[in-house]
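Those protein sequences? They're chains V and Z, same order as listed.
Each residue of the first sequence is one higher than the last, beginning at -10 in the numbering used here.
Each residue of the second sequence is one higher than the last, beginning at -10 in the numbering used here.
Keep in mind that the hints were calculated from the coordinates and are not lab data.
Where a beta carbon is used, it is the ideal one built from N, C-alpha and C, also for glycine.
It cannot be assumed that every hint is accurate.
Below 30 Å or equal to it, Euclidean Cα-Cα: the simulated DSS-like pairs (lysine-lysine) are [to be verified]:
| no. | chain 1 | residue 1 | chain 2 | residue 2 |
| --- | --- | --- | --- | --- |
| 1 | Z | 116 | Z | 27 |
| 2 | Z | 33 | V | 60 |
| 3 | Z | 27 | Z | 134 |
| 4 | V | 33 | Z | 134 |
| 5 | Z | 116 | V | 116 |
| 6 | Z | 116 | V | 33 |
| 7 | V | 33 | Z | 60 |
| 8 | V | 18 | V | 116 |
| 9 | V | 116 | Z | 60 |
| 10 | V | 116 | Z | 18 |
| 11 | Z | 60 | Z | 27 |
| 12 | Z | 116 | V | 18 |
Over 12 Å on every C-beta distance to chain V, these chain Z residues come out as not near it, computed from the model [said to hold, decoys possible]:
| no. | residue |
| --- | --- |
| 13 | 18 |
| 14 | 29 |
| 15 | 141 |
Number of protein chains: 2
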Amino acid sequence: MSDNQEFRPINLAQCEPFRWQGVDEFIYKAEDGTASFKDVSRRKLFIESAESGIELRYFEIGPGGHTTLEKHDHMHLVIPIRGRGSCLVENRLFELSINDMIHVPSWSWHQFRAAEDEFLGFLCLVKVDRDRPTLPSESDLERLKQDPQIAEFIRHR
Amino acid sequence: MSDNQEFRPINLAQCEPFRWQGVDEFIYKAEDGTASFKDVSRRKLFIESAESGIELRYFEIGPGGHTTLEKHDHMHLVIPIRGRGSCLVENRLFELSINDMIHVPSWSWHQFRAAEDEFLGFLCLVKVDRDRPTLPSESDLERLKQDPQIAEFIRHR
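Based on the provided sequences and hints, a complete structural model is requested.
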């Protein structure tokens, strides 16, 4: 399946836990030269062709891994379905368990981390038509790190 | 929470499995005089205020229960997160396990059933702005029941 093609199966059954028939693994994102993420894979479960349509992805972070610290105009709706982890949204930290729901509002800094000894797998819903993420500047990082718990949480570079 | 109010928590943690803090149980739908459904509850996990916005619900069907057989213009994206069951979509029957994904396309007849000895709980994603369901006429039912497996599956009246 190419990166932008419509994909709307009626029934997407699992062939093994957290793996679906006919659904390929993608790299999380192209290397951005900053090593801003660690051990993340991405799968596309549903893509509508319309720009206002929705897209459902499954992300999986290996034990000790993390997604990029970033923000953007489009929002995320995130539901962990595997393992355990934590996340930063805006200026708050949350523990994540299966079937919790996390809403990442527009332009909120966010980063997801798996537990050190556990995968974190989550569904992530977005609109098909969405903007590219913005990475934090040095001054953004400084501001975020004024909170010692957030400074401790963040993985960047 | 009223039936149409915006509801966008950043973190919706569970207070017990499949129950979220501050999320009320609703009746599945008003009695329609036909007993078209059995033992179904409904919870609203996320509602955007915009008409083009998305709404995420959690439905739970008790053992042996079922939703209404219906169709409508808006589509559903369904992900079982509790138990086991089965469904009709269009003219096909599917077994449902946790983390499968079911897409109910526009104007497809559909009905969900829990296993006889198990709950079936599922996330269901819709647009905020959506049409009311259409119930099957006698001739719709006759047509659907031409397939003996579907005739066996359907619960109506």
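We went through each hint and held it up to the structure:
no.: 1; hint: 116(Z) - 27(Z); in the structure: holds (25 Å)
no.: 2; hint: 33(Z) - 60(V); in the structure: holds (26 Å)
no.: 3; hint: 27(Z) - 134(Z); in the structure: holds (20 Å)
no.: 4; hint: 33(V) - 134(Z); in the structure: violated (35 Å)
no.: 5; hint: 116(Z) - 116(V); in the structure: holds (12 Å)
no.: 6; hint: 116(Z) - 33(V); in the structure: holds (20 Å)
no.: 7; hint: 33(V) - 60(Z); in the structure: holds (26 Å)
no.: 8; hint: 18(V) - 116(V); in the structure: holds (18 Å)
no.: 9; hint: 116(V) - 60(Z); in the structure: holds (24 Å)
no.: 10; hint: 116(V) - 18(Z); in the structure: holds (28 Å)
no.: 11; hint: 60(Z) - 27(Z); in the structure: holds (18 Å)
no.: 12; hint: 116(Z) - 18(V); in the structure: holds (28 Å)
no.: 13; hint: 18; in the structure: holds (23 Å)
no.: 14; hint: 29; in the structure: holds (19 Å)
no.: 15; hint: 141; in the structure: holds (19 Å)
When held up to the earlier numbered hints, the structure conflicts with hint 4 and nothing else.
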